[in-house]
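Visitor: Below are the chains, spelled out letter by letter.
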Amino acid sequence: MAQTTLSTPTTRVPTLGTEKRRSDSIWRLAIRRFFKHRMAVFGLLLLVSVVLFITVGTLFYSEAYANQTAILKKNNPPSAEHPLGTDQVGRDILARAIYGGQISLLIGISSVVISIAVGSIIGLVAGFFGGWIDALLMRLVEALLAIPTLILLLVLSSVLTRNTATLNILGRELSSTVIMIVFIIGLTTWMPLSRIVRSLVLTLKEQEFILAARAIGVKDRRIISQHVLPNCLAPIIVSATLGIGTAIITEAYLSFLGFGVLPPTATWGNILSPAKDMIGTVWWMWMVPGALIVATVLAINFIGDGLRDAFDPRSTK
Amino acid sequence: MTQYIMRRLLQAIPLLLIVTVLIYGLLKAVGDPLAHLANDPLVRAEDRAILRRSLGLDDPVALQFLHWLIGDDWHQRDLDFDGEPDTYGERRGVLRGDFGESFRFGRPVTQVIGAVLPNTLILGVTAYIVTVVLGLGIGIFAALRQYSFLDNLITTISFILFSMPIFLVALLSVFFFSVKFQEWGLPSLPTGGMYDVRGDRSLDELLVRLILPVFSLAAISIARYTRFVRASMLEVINSDYIRTARAKGLSERRINYVHGLKNASLPVITLMGLDIPFILSGAVVTETIFGWPGMGKLFIDSLTILDPPVLIIFVLITAVAVVLMQLLTDLVYAWLDPRIHYN
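Line by line, the protein sequences are chains A and B. Numbering follows numbering that gives the first Met the number 0, with no gaps: position 235 of the first sequence is 234. Numbering follows numbering that gives the first Met the number 0, with no gaps: position 327 of the second sequence is 326.
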């Protein structure tokens with residue numbers, strides 16, 4: 000669409016509404032605003048460093064090394080051989096942090112894609128059409144929200160991660176619990192967003208510009224995609240970015256409680272899990288993955304906030 | 000309005016039924032609650048079979064659910080394995096006030112939950128009050144000073160907290176305030192549960208033991224509320240009617256707290272309302288780390304050992320609380336925003 004607008008500017012007859020704001024300029028404006036946002040740029044840089052750490056790191060350590068146990072060297076503090084110490088079965092924490100980070104990020108992103116798609120669609124449809132569709136969808140949301148997320152997650156994961164297998168994905172050996180956890184997190188976290196979107200749509204559709212659009216005969220689908228959705232984008236984008244962080248943290252919770260991704264596949268959550276009984280003595284075991292979780296989620300949150308400000312049409316910056 | 004409330008309450012019945020069927024089915028899929036007996040040399044295989052049958056675990060799942068719901072005192076089972084049903088069940092079902100018996104403790108579920116619920120309420124309500132008061136206060140404070148030094152500081156701190164899993168806050172607070180403070184010879188805070196091992200059950204002791212768990216629970220929530228309140232407050236104070244209010248000469252105070260806050264509170268109220276019922280379900284992670292004998296710890300223990308009667312009532316209690324709070328939230332929502340009508 001952007002291309003047709005740019006390539007045929009002279010032949011296009013300006014109609015009402017198009018001469019004022021082209022669709023590409025909003026995005027360009029948003030990008031400009033985003034890069035003026037100091038925290039967002041800091042977040043982006045932080046995220047890039049984390050990504051570099053988990054990708055470049057693989058050049059120095061193999062995954063087999065990360066999963067290799069050496070029981071005589073368990074709980075060793077940082078040394079020349081193991082820069083960040085070893086865990087309770089003698090595996091190298093640095094190598095595990097590198098490979099664990101890949102899995103944690105993978106889980107974060109994949110589960111959010113599922114969660115955001117389901118959440119926004121259900122919220123939009125329920126809020127816009129109202130009536131029995133709204134009632135039905137919201138009862139479903141209520142039924143799922145009526146069970147605390149962590150409780151639902153724990154029950155689901157004790158069902159689904161009971162039979163574990165080793166999968167070969169893109170040449171890597173992964174515990175099948177990784178895939179299970181992605182779906183478990185994705186399908187248990189979309190409800191709050193659907194409620195937020197629905198409540199926004201409820202207020203939006205009472206407003207004059209929607210009434211005006213309807214009065215001149217704009218179709219429902221177009222009203223939703225052109226008028227309602229853009230006004231919901233800010234919370235959806237904020238939810239999506241924050242959602243990645245939340246999903247990484249959620250994986251960490253599950254693994255911390257022993258219901259998440261199972262070793263030998265490392266995640267930041269299951270590296271630090273065994274440390275809960277030895278907080279004072281093996282600080283490297285929980286502080287390293289802990290710091291990585293905070294850095295990543297912090298970066299993602301900064302970016303999310305930057306995007307929120309950048310997309311806000313009322314933003315004056 | 001009364002009609003609306005009645006309708007919502009009636010709608011809650013199928014909702015709760017869906018929740019229970021869902022959870023009941025899931026718990027059945029988790030595994031066999033008597034599996035641990037298979038490796039116990041003291042339990043004979045025949046005894047295990049009788050126990051399984053008397054607990055109703057041999058019945059079809061749908062029938063088991065029906066028994067759980069309305070009781071099994073009308074249903075005969077063949078407990079002596081002679082091919083003929085001989086013994087009536089003893090349960091009366093949830094709908095007749097019999098919430099079942101814990102497999103693990105052999106006591107009624109109501110007693111098992113009743114024993115830990117007050118502990119969770121002490122911890123949860125304290126943390127909730129701390130969270131709401133500080134979250135609202137700091138959020139509004141930051142919104143009214145957008146991009147000032149203090150706002151940026153608050154934003155940075157809440158972003159860092161927001162990016163932390165609760166267990167990391169808990170581990171850090173234990174590491175510093177308990178382990179390190181002790182090493183450095185400073186007054187350190189206790190971490191192990193609600194009560195002193197020497198049996199000191201005074202209020203002072205309880206309050207001291209509340210500090211670290213409440214801190215761990217509230218810190219991240221405060222950050223969450225602060226972000227949320229700030230965002231929705233900013234959303235509102237940048238809108239046209241606030242400019243109008245300012246143009247007609249209303250005091251800043253009135254603009255911010257009457258016109259601004261009332262509209263900004265709409266999404267916040269949803270957040271607050273939805274959080275309340277989850278006080279009941281306890282803080283799984285925090286209670287596990289601090290050994291707090293509450294609902295969350297009961298849940299994890301019951302899930303690990305697989306004690307379905309406790310787990311299902313646990314979920315049901317939360318679900319009932321959630322349904323009631325959602326109704327209340329919607330009513331408050333309609334009361335605050337006259338644009339929304341429920342009919």
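Hints are computed from structural coordinates only; laboratory data are not their basis. The reader is advised that the hints may include incorrect statements.
[Claimed, not checked] Pairs of lysine-lysine, DSS-like flavour, derived with a Cα cap of 25 Å: (1) A/K73 x A/K218; (2) A/K204 x B/K261; (3) A/K204 x A/K218; (4) A/K275 x A/K72; (5) B/K261 x B/K247; (6) B/K261 x A/K275; (7) A/K73 x B/K179.
[What the hints assert, rightly or not] Have a look at the derived ranges for each label pair, beta carbon to beta carbon: (8) B/D300 x A/I132: 36 to 44 Å; (9) B/G113 x A/M277: 30 to 38 Å; (10) A/V40 x B/P107: 21 to 29 Å; (11) A/L210 x B/H74: 35 to 43 Å; (12) B/I339 x A/V112: 58 to 66 Å.
[Said to hold, decoys possible] Covered, in the sense of this in silico footprint (three residues per stretch, anywhere, with C-beta under 8 Å from a C-beta of chain B), are these stretches of chain A: (13) 122-130; (14) 146-155; (15) 194-208; (16) 280-289.
Ideal placement from N, C-alpha and C gives every residue a C-beta, glycine not left out.
Visitor: None of the hints should be skipped; say for each whether it holds.
Guide: Structure-based check of all given hints:
Between A/K73 and A/K218, the direct Cα distance comes to roughly 66 Å. Violation of the 25 Å bound is thereby established for this hinted pair. A C-alpha spacing of about 20 Å is found between A/K204 and B/K261, which places the hinted pair at or below 25 Å, so the restraint holds. Annotation: proposed proximity of A/K204 to A/K218 holds, straight-line Cα distance about 14 Å (limit 25 Å). A C-alpha spacing of about 19 Å is found between A/K275 and A/K72, which places the hinted pair at or below 25 Å, so the restraint holds.
This hinted pair checks out: B/K261 and B/K247 have alpha carbons roughly 19 Å apart, not beyond 25 Å. Only pairs whose Cα atoms come within 25 Å are accepted, and B/K261 paired with A/K275 is rejected, the gap being roughly 43 Å. Taking the CA atoms of A/K73 and B/K179, the gap is near 23 Å; set against the 25 Å cutoff, the hint holds. Separated by about 41 Å at the C-beta atoms, B/D300 and A/I132 satisfy the suggested range of 36 to 44 Å.
Separation of B/G113 from A/M277 is about 34 Å and conforms to the stated range, judged on CB atoms against 30 to 38 Å. At roughly 59 Å, the beta-carbon separation of A/V40 and B/P107 lies outside the given 21 to 29 Å, and the hint is violated. Checked against the hint of 35 to 43 Å, the C-beta distance between A/L210 and B/H74 comes to roughly 60 Å, which is inconsistent with it. At roughly 31 Å, the beta carbons of B/I339 and A/V112 sit outside the given window of 58 to 66 Å.
With 0 residues having a beta carbon nearer than 8 Å to a beta carbon of chain B, the region 122-130 of chain A misses the requirement of three or more and the stated coverage is violated. For a cut-off of 8 Å, the count of residues in the region 146-155 of chain A with a CB near a CB of chain B stands at 7, and the three-residue condition holds. Proximity of the region 194-208 of chain A to chain B, defined as three or more residues with a beta carbon under 8 Å from a beta carbon of that chain, is established by the 6 residues found. Look at the region 280-289 of chain A against chain B: 3 of its residues bring a Cβ nearer than 8 Å to a Cβ of that chain, three or more, so the hint holds.
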